[in-house]
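Undergrad: Single-letter residue listing:
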Amino acid sequence: MTRPRTLYEKIWDAHVVEQRPDGTCLIFIDRHLVHEVTSPQAFAGLRANGRTVRRPDLTLAVPDHNVPTTARLDAAGNRLPIADPESAAQLAALEKNAPEYGIRYIDAVAPEQGIVHVVGPEQGFSLPGTTIVCGDSHTACHGGIGALAFGIGTSEVEHVLATQTLLLQPSKTMEVRVEGEVGPGVTAKDIILHITGTIGAAGGTGHVIEYTGSAIRALSVEGRLTVSNMAIEGGARAGLIAPDETTFEYLKGRPYAPKGADWDAAVAWWKSLTTDPGATYDKVVVIDAADIAPSVTWGTSPEDVVPITGVVPDPASFADPSKQVAAAKSLAYMGLEPGTRMQDVSIENIFIGSCTNSRIEDMRAAAAIVKGRKKADNVKWAIVVPGSGLVKAQAEAEGLDRIFTEAGLEWREPGCSACLAMNPDKVSAGERCASTSNRNFVGRQGPGSRTHLVSPAMAAAAAVTGKLTDVRELMA
Amino acid sequence: MTPLNQVEGRAIPLGLKNVDTDVIIPAHWLKTTTREGMGRGAFESIRKDPDNLFDRAEFKGAPILIAGDNFGCGSSREHAAWALGDLGIRVVIAPSYSDIFSGNAVKNGILPVVLPQAAIDRLMEVAATDPVHVDLEHQTVTTQFQDRFTFEIDPFRKMCLIEGLDEISLTEKSDAAIGDYEKQLDAERPWMRPAA
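Which chain is which? The protein sequence lines are A and B, in order.
Be aware that the first sequence starts at 1, since it is given in our numbering, and climbs by one per residue.
Be aware that the second sequence starts at 1, since it is given in our numbering, and climbs by one per residue.
Isolated chain B (complex conformation) (with noise of 0.2 Å):
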């Protein structure tokens, strides 16, 4: 995974609200057996319209993307992340996300910074001309016309993300633990194993 920290860049402002993962990515584009290429059925359905935002010049290739309250719902589908991030796009800022897809964003390298429908509404008036400034570290969202929004975030996950982590070694550390964990299960309550 691709660390995360500083990102500086132009940012799409999208705004929608309960903008789902098959809006993100249709089931048609999940008949893939890799995770690459899938910026190519990104927001299709939008991006039929030529006059689109992800396809306009100034739009082309922005790591941030500002969308409206619960972002990513529906599917469980790591497709809408790795659409994104095939795109380019290594910031979604929202006021609310699904649970499911927020966890697919950081095991992708993804932030999903939360701010306030506020803070959106300024974003969104600078992000037609202007790039704005993540900082992970700090924990804020900075324009050159001195707006500052800091937002909160997990420290497990933004270790994960400025590390870069592979979440899977990390729980391989705890071998031991689960170990221990399946023969008290196996002791208190040995039906829990399927029985055919």
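Chain A with its partners taken away, still in its complex shape (with noise of 0.2 Å):
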């Protein structure tokens, strides 16, 4: 009989090309997504040696972060030019690489373009127990669907598209167990930042992390995609979801998704792919779902979370002298002063978007509160930004577009965005954004900016009463 082994165990085990002496295990990559900001000089490096893409059949680039999120096209169907001239290069060279290499590429324009931690799940191209990789920290997201799947530098962008194999340590594995049912108002985003919040930023590192339980398993694809995007906020490389009848139904014809006879023999095996009975991790932590309320941020690190009923805390209160010492420098960045009510801070921007929090029932969740309603005075720049095309389209087709519009929030073209403010879409120095994004760091969304992270519902709250709002308060 075999030992019982985690689910990531499991698929560590389908992978592994050959094992070094010291444990260095040569995995084999099922699935590269490409992107314009991490692969040039992959790329370059290649053609300086000589070397070409050993698969390019499993490799999938598409731009997504320096794209702007205005139109891309001019009323005759022409392409407009990128302003900046450093992200048209990076797009320029993206656009020359893929075609030279016979990698497959999904131009700004495609209908299918966007963020491809969106697109990858929605082409179907992510499977449940394939290895994928991307040179972009947040590739945590296709765990959500099974797939053990993380970022990675671009040496080893470069190392995937020369031998579709990393040299990988295995990792230490954690479970957090999320059992119950949540309350009316959390979401997906809300446990997740709960759960960093309990394991903290550095709660995660060498492991990689197992959502489990009830509440876990009540989540929809869209929802888990949201939880496992964030593992790398908690420090770890990589977060999975065991794969079931929910994460089959999402998957069924989906372009790049088995068909036929190969479907049913993927399902098979996706069945497979559970923690037995008996298997144990490096590390667990539960948590109750009930405890979990509608959650926001108030510092420059994704584990400085509060329920939104909270207040900012004061850093004496926290027992590590080097937290005392980040908190204080946060709060001082923030502009935020202990005891101050999370619900009388002011906000001037937001932003829905990323791969956090861009599909189609983040667009939903996000409507549903701005419908009837209008953007607060004080708000001055209110985006939402669709993960991908086909979000859009969805979107539009459910008349989510005009709700928030007619809201005063303006409704973009799908891209990465204000996240990482590296196309035109930026937060002002010194002002404070309520955003779906993953990340609170210093200038992560423009040199100056200060972020809040929430929910696609909390964010469309802030923004109809310009400041941090419990969703609840406005649900129907």
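It is worth saying that the hints were derived from the structure and are not from the lab.
All C-beta atoms in this analysis are idealised placements derived from N, C-alpha and C, irrespective of residue type, glycine included.
Among the clues, some could well be false.
Listed next, the in silico EDC-like pairs over lysine to aspartate or glutamate satisfying Cα-Cα at most 20 Å (straight line) [said to hold, decoys possible]: (1) K172/A to D154/B; (2) K96/A to E86/A; (3) K31/B to E86/A; (4) K31/B to D22/A; (5) K158/B to E137/B; (6) K259/A to E188/B; (7) K31/B to D107/A; (8) K371/A to E396/A; (9) K31/B to D121/B; (10) K172/A to E152/B; (11) K259/A to E137/B; (12) K31/B to E95/A; (13) K10/A to E182/B; (14) K48/B to E431/A; (15) K371/A to D470/A; (16) K173/B to E18/A; (17) K158/B to D22/A; (18) K271/A to E245/A; (19) K329/A to E44/B; (20) K183/B to E18/A; (21) K329/A to D51/B; (22) K380/A to D320/A; (23) K467/A to E410/A; (24) K10/A to D186/B; (25) K183/B to D13/A; (26) K60/B to E8/B; (27) K252/A to D262/A.
Listed next, the stretches of chain B that the computed footprint assigns to chain A, with coverage defined by at least 3 CB atoms under 8 Å from CB atoms of chain A [unchecked claim]: (28) 8-21; (29) 71-77; (30) 92-103; (31) 153-161; (32) 183-196.
Taking the hints as your guide, dock the two standalone chains into a single complex.
TA: Right under this line is the structure:
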């Protein structure tokens, strides 16, 4: 009888090409997602060493990080130039590199274009039990469908392009079990913010986190992608959620997903991808879903989480002296005083988007709150950026775009946008943004920007009240 | 990759924990198609302060950086390692690192030394005025005041750093094994190939 294994161990074992005496393994990579920002130097490296792409058929390229979210075509259907010459050069490099190496390429004006982590699952390119890498830390996202997915640096992008493998040490395993039912107004984003606040920004370092428990099982695939997306914010390189009927239902019929008898064979294998009874994790954290409130960050680390009903903490309240220093610095940067009620913090900018929260469910949740309401006067800038062209089209078919624009929010083209402010979408210095993205780091949304991470419904609530707001007060 | 074994010099006593890669190199510096010149954007938000550590005369070109827990957390951007390298940093000493950053560092000839917080506290004290010595071969960090801290490092990473190895060339030696794996995968899980 074989030893009971965790989901992580099963996927790992299925991908070992070679094991070195020191335990390092050469791991086969099933899917490689490529975007314009972290790939140019990798392709340059291939070229300089006369190497080629081993498996272009397992590689998918799509620009997302620095594409503008304003119109990309003029009235006549011609492509508009990108104003920023450096962004234009990165895009041009990807547009040249992908066909040169025979890589599938979704261009910036294709109907399927979008954020790589939205596009992968949506196209059925990301599948359960596969290993997926991308030169982007939020690759962890694809763990939501049960793929072992993680971000890599550009040298590793080059390594995967050349060899379709990576040299890796096995990670430790961590279970984060969320049991019970969440209350009204509590979404997948609140679950992962609460988890990050509980385990800390380094709580999962060296581990792959498997999210389990009834509250996780109850999530849609969109919600699971949101949770796994932010595994990296808790220090874990990857997150995992065992695939189930919800996952299979979501993937069936998607363009790159298996068809016919292949589909049946795939589902049969995917069903074996659960952690065996008796398998042990290196670390276990159990969370009661009933303890999770609509959540918000107050500082400059994603672990700086409080319930929306809470107050800005006093740095002296932290036991760890280095956290006291960090919290004081965060509060100075954020322009917040200890003891301030989170709901008294006014907001000038709203960003609804990013690989964390830009799927159709997120658009619906935000629209449900702004419907019939107007953007508050003190909110200067409020943008809604769907995660892909397909999400955008679906939202428009449901009339969500009009709900946003009638309320005074802007409806944009898909891309990473103000999550990392590489394109023109930025938050001005000293201003606050209620953002559905994943990082509240210093300067993340533009130099001097102050980010409060929230769910789409909470961002929508802040848009109509002009301050951080308990979304439950606006729910019918 | 430049081999690394002994590094002696001033160490920048940054000390902060959770130094994320957006702090090491903000996103607007990522709009490049080459690896060079990243040092100009390194620690931009910190260096806005004219009295910052990095630009003090005694720490210009210092080869060592001392930081707190979870150094390099956040984005996978290898630009963070390129930026440190461009500043002249060859060794970072911290209690812990993000997994992605430490991998990126090694691939760029930068040694991430892990030492407990008590050792970090002592080195921060020394670094304010005196140099620090890092010996990768013997896995030690020493000072002229008889401090001697030993650290652990994965033997494969150690070899790559000391020999300045290119990992891709190494993996290419496993070409046949990769080919065998691909054949087996096609036989056992043919549906794994993208359908369209």
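Undergrad: Against the structure shown, which of the earlier numbered hints fail to hold, in ascending order?
TA: 4, 9, 11 and 22
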